[in-house]
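We have chain A; now place chain B onto it with these hints.
2 protein chains.
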Amino acid sequence: MTQTAPTHLLLDAHREVLEAATAALATREYYSRYPESPSPRVYGETAAEDGQRAFEKARNADFSALADQPGTGETVGSEVSPYGPELGVRYPQLDVDAAVAAATDAIPAWRDAGAEVRAAVCVEIIERINARSHEMAHAVMHTSGQPFVMSFQAGGPHAQDRALEAVVAALVEQQRVPSSVLWEKPTKGDPIRMQKDYQVVPRGIGLVIGCNTFPTWNAYPGIFASLATGNPVVVKPHPRAVLPLAITVAIARDVLEEAGFDRALVQLAAEDDGDGLAKTLALRPEVAIIDYTGGPGFGGWLEKEGAAAGKLVYTEKAGLNTVVLDSTDDLKGTLGNLAFSFSLYSGQMCTAPQNVYVPAAGISTDQGDLTFEEVAEKIAGAIEKFNADDTRAVEILGATVNDDVRGRATDVPALAERLGGQVVLDARPITHPTFPDAVVRVPALISVDAANDTAYTQECFGPVAFVIRTEDTAASLETFARTVREHGAMTASVYSTSEEVLQQAREAAARAGVALSENLTGPIFVNQTAAFSDFHGTGANPAANAAYTDAAFVANRFRVITSRRHVA
Amino acid sequence: MTQTAPTHLLLDAHREVLEAATAALATREYYSRYPESPSPRVYGETAAEDGQRAFEKARNADFSALADQPGTGETVGSEVSPYGPELGVRYPQLDVDAAVAAATDAIPAWRDAGAEVRAAVCVEIIERINARSHEMAHAVMHTSGQPFVMSFQAGGPHAQDRALEAVVAALVEQQRVPSSVLWEKPTKGDPIRMQKDYQVVPRGIGLVIGCNTFPTWNAYPGIFASLATGNPVVVKPHPRAVLPLAITVAIARDVLEEAGFDRALVQLAAEDDGDGLAKTLALRPEVAIIDYTGGPGFGGWLEKEGAAAGKLVYTEKAGLNTVVLDSTDDLKGTLGNLAFSFSLYSGQMCTAPQNVYVPAAGISTDQGDLTFEEVAEKIAGAIEKFNADDTRAVEILGATVNDDVRGRATDVPALAERLGGQVVLDARPITHPTFPDAVVRVPALISVDAANDTAYTQECFGPVAFVIRTEDTAASLETFARTVREHGAMTASVYSTSEEVLQQAREAAARAGVALSENLTGPIFVNQTAAFSDFHGTGANPAANAAYTDAAFVANRFRVITSRRHVA
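For the record, the sequence lines run as chains A and B.
Taken in order, the first sequence gives residues 1 to 568; the numbers are from UniProt numbering.
Taken in order, the second sequence gives residues 1 to 568; the numbers are from UniProt numbering.
One chain only, chain A, in its complex shape:
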């Protein structure tokens, strides 16, 4: 096992980061490596301008940083910003056969480098990505439709923290196996002595299939978990959100080469919309691991056909994120928190709440008892108020990402009628002051009866939420647990002043297999999870079969090969 000088240098350079991040993951205390503030004091006086310039330079041009990938000679690219403009970036089309061969050839040296060196190289990649966070923010904003600050945070430092989390989670699991041991079995005479060496080996190629809404945040855990455990990675971005992952892959390849490894360890498989490249790649025999974020259709196919083909498949799809309202001693905080959660990125987060269960008899609050109708009106009012100022609202709402979302938010009365519900709040259109072509909608609220479960037991991705009339809180919790077990959820929250109800909610969440946030009235929102402390998803309900980042997410990405012999 030879180790080259640059990788040793990276090991020294990043030892402290790895130790701190490992310690944080063990305690799950607050830890963040990458500052979430885009402030010039943190990222440098020229960082914002440099980032914007780099983004503009990439537009309407060939993405030459990946020109050295094995290519077909053709280019692909059809990105259109949800804010309006076409990006015009042309990516070299990957020659899949050649790419797979190159990735396979790259395995032995990366495998033999060992877990620690791989982790250090991964950290270096993440550090370099961090340095380009402003550029990344523009790339994420103009592919996902996220507002700028969110694009910076979720697309940049938060995604980078999740990447680092995956790296150390993988490192810890690999370090559980010693590199060697002297095994001495006592006998009546001399003990039997054996030297045993344990080598971590990768599974094969890791395929990471990105999504439109969180191109980096949802792709980094899979990319870095596979890479850190010795697997080469092919990144297949969503055709409408290529640029953030193209930048990522280009950085990774440069760092790998500088560290003495093969650039082919990370490759980008861009495609035009509708090429179906994900399925082709998923079924390649060399692909052993698949990480997927996206709709339940292809996700379900992967969970079935990919798994049947012997691949390890990690998915995040969709679900019914639920809020159970029982009572509150801070109505204002509750409504403000909920309004933000509904509004942030127009409900286009896989973690955004959708279904709010409210007892038919209403709830008690610090502002007196409220009927069901009053609760619904209060929530609607909070959403309206939160988004009253168009200029401020667009910085939270962002833009709707695709026609599917726009379709649902365009004629809410028709949607409500079709679902058998009543419109409490229609989706108000907003004209974006800077990007007039962006389709921006303030979230709508539809009221339905719990008995009408077809209305609310499918994901309604985007700026539409449901307030659901239940018999009482016990019924709310029961419906919550049942619908999440059946249909999945990424998040859940409960508001109650009763410890007994909170305990029942915890029990329901445990049965449903979803994480629970209790009485969020301040600056923490149910849609947001903190790397190193909160798991994203649980893997325990149909919304996702994996969580960022637990041992199950990393432990099967590698295998251990023992060699043993007698020693004197």
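Don't read these hints as lab results, they were simulated from the structure.
None of these values were measured; they are calculated from a predicted model.
Honestly, I wouldn't trust all of these hints.
Stated by the list, open to error - Far from chain B, some chain A residues (derived; all Cβ distances over 12 Å):
hint	residue
1	D12
2	G44
3	E45
4	P70
5	V96
6	D275
7	K378
8	E384
9	N402
10	H487
To be verified - With a straight-line Cα cutoff of 25 Å, these simulated BS3-like cross-link-like pairs (lysine-lysine) come out:
hint	chain 1	residue 1	chain 2	residue 2
11	A	K304	B	K304
12	B	K332	B	K385
13	A	K332	B	K188
14	A	K304	A	K279
15	A	K378	A	K332
16	B	K279	A	K304
17	B	K304	A	K279
18	A	K185	B	K332
19	A	K188	B	K332
20	B	K332	B	K378
21	A	K332	A	K385
22	B	K185	A	K332
23	B	K304	B	K279
To be verified - Estimated spans, in silico, between C-beta atoms of each pair:
hint	chain 1	residue 1	chain 2	residue 2	range
24	A	E258	B	W301	43 to 53 Å
25	A	E74	B	D273	52 to 62 Å
26	A	K279	B	K385	52 to 62 Å
27	A	A23	B	N452	49 to 59 Å
28	A	D272	B	W301	32 to 42 Å
29	A	A98	B	G381	47 to 57 Å
30	A	P191	B	D403	35 to 45 Å
31	A	A308	B	T104	22 to 32 Å
A virtual CB, placed ideally from N, CA and C, is assigned to each residue, including glycine.
Using the frame of chain A, we list chain B on its own:
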């Protein structure tokens, strides 16, 4: 989370065992909790006699210890000892619907007991099993056909050590997640403080499908990994090897009840041969985890259809266990070691060597250079000599387990002709001095050319091995790596005096994804692995998708549910 007094007592009682076993698993140094010697000094003066009496008492009778399982009112049972006699044990037939409902109802209290209490209860179960090791030895012997001492060791203490290994591997993974943390995010003002609680929750019912040859050894890792992570377990034994697992399940249920938990956490699903119960159980929606040992037919079905149905499937099937002979400075030790490995339990171990690659030009040894033919003859001679004394030989060979194995070993010349090979050593029949109805065969050796790969690229389970003529050692290693990647292997070994060849063999084993034993000439055999130190299988080739016991075997059997709230 309430904990009952008995479970606390068990926690105190077994804390030291858990700590010692956990430490051993981390270092992979020698560790064994359960003595492998059946000596009266270890297990008590009357243990052997008591065990035999208990076994005889079970015969030709209803297995009443499981009468309290939810049953159909019918009994099943068709066990016939490979040594001849019918066992005549009648097992209550499980009512699957009622059993699944009972198991599901048992989950919350077992889940809420926590990882430490579950581990302690599991240790208590294993300790009680250990106390009945002599009885178990007879049960294993007369279902598997193993010789007595092997039945005692592999069916008793070695299986128990593997069980304990699974328990602590599961415990370590569960303990990686703290039960709670105070999370403090710094802000410009007061930090944001949240209390986060993490609860380990099980996946659902664990189904463990046992095999005929190692009913306990191969079932215990799955049983205890699932149970220790909070999942109720349904044990579906092989219809011809029920008794060892019936005893196991009965002990587990008693311990669980004494510890304050539900007996339904462990249930036995016995069936008559051909009932097809495994498939029925595997497709139950309540079954989330499947552990399987057995033939590749049903194993392949589970890997495909079970995985496609969203189950976690852990399999051990079959493969081409390989020996690469290059050179040796201890010919006598090499031959003796190989002869034992071929003979032990008549080659009916999933780890028994089958394919021996020898260069066409022969090998160099401390007794001079040997031609290919001489090597083959020497191996054959060693097998003959090792089994020369019938009375001693049967104590190693045991009995052939089924007609399939007997068919292959009955007319070796016809088999060789069909495969295009030459008989180097025919399978000599031995009449067992105590059990005249047992079919006992000294292993046969067939010589084939490497080009004739159809002859040796399928598993030939039982007392038939192949010596395969290759171009040279480089070709041996290449064929080894390729055939194992394609067809799988549980074990591999190499003999060489050259460090360079050994290094190449390690590289080939890493590519093949199989553990390697080097130059075994003493009391360690390639078919044997030591719990806490050697992995059984790797999960990196088609023979098995899992290993006993690594993190990947346990980490996905549970999930973590977080609840979080603000604190002052």
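Results for each hint:
no.: 1; hint: D12; in the structure: holds, 26 Å
no.: 2; hint: G44; in the structure: holds, 21 Å
no.: 3; hint: E45; in the structure: holds, 21 Å
no.: 4; hint: P70; in the structure: holds, 23 Å
no.: 5; hint: V96; in the structure: holds, 21 Å
no.: 6; hint: D275; in the structure: holds, 25 Å
no.: 7; hint: K378; in the structure: holds, 21 Å
no.: 8; hint: E384; in the structure: holds, 26 Å
no.: 9; hint: N402; in the structure: holds, 28 Å
no.: 10; hint: H487; in the structure: holds, 14 Å
no.: 11; hint: A:K304 with B:K304; in the structure: holds, 9 Å
no.: 12; hint: B:K332 with B:K385; in the structure: holds, 12 Å
no.: 13; hint: A:K332 with B:K188; in the structure: holds, 23 Å
no.: 14; hint: A:K304 with A:K279; in the structure: holds, 13 Å
no.: 15; hint: A:K378 with A:K332; in the structure: holds, 10 Å
no.: 16; hint: B:K279 with A:K304; in the structure: holds, 18 Å
no.: 17; hint: B:K304 with A:K279; in the structure: holds, 18 Å
no.: 18; hint: A:K185 with B:K332; in the structure: holds, 23 Å
no.: 19; hint: A:K188 with B:K332; in the structure: holds, 23 Å
no.: 20; hint: B:K332 with B:K378; in the structure: holds, 10 Å
no.: 21; hint: A:K332 with A:K385; in the structure: holds, 12 Å
no.: 22; hint: B:K185 with A:K332; in the structure: holds, 23 Å
no.: 23; hint: B:K304 with B:K279; in the structure: holds, 13 Å
no.: 24; hint: A:E258 with B:W301: 43 to 53 Å; in the structure: holds, 48 Å
no.: 25; hint: A:E74 with B:D273: 52 to 62 Å; in the structure: holds, 60 Å
no.: 26; hint: A:K279 with B:K385: 52 to 62 Å; in the structure: holds, 58 Å
no.: 27; hint: A:A23 with B:N452: 49 to 59 Å; in the structure: holds, 57 Å
no.: 28; hint: A:D272 with B:W301: 32 to 42 Å; in the structure: holds, 38 Å
no.: 29; hint: A:A98 with B:G381: 47 to 57 Å; in the structure: holds, 52 Å
no.: 30; hint: A:P191 with B:D403: 35 to 45 Å; in the structure: holds, 43 Å
no.: 31; hint: A:A308 with B:T104: 22 to 32 Å; in the structure: holds, 26 Å
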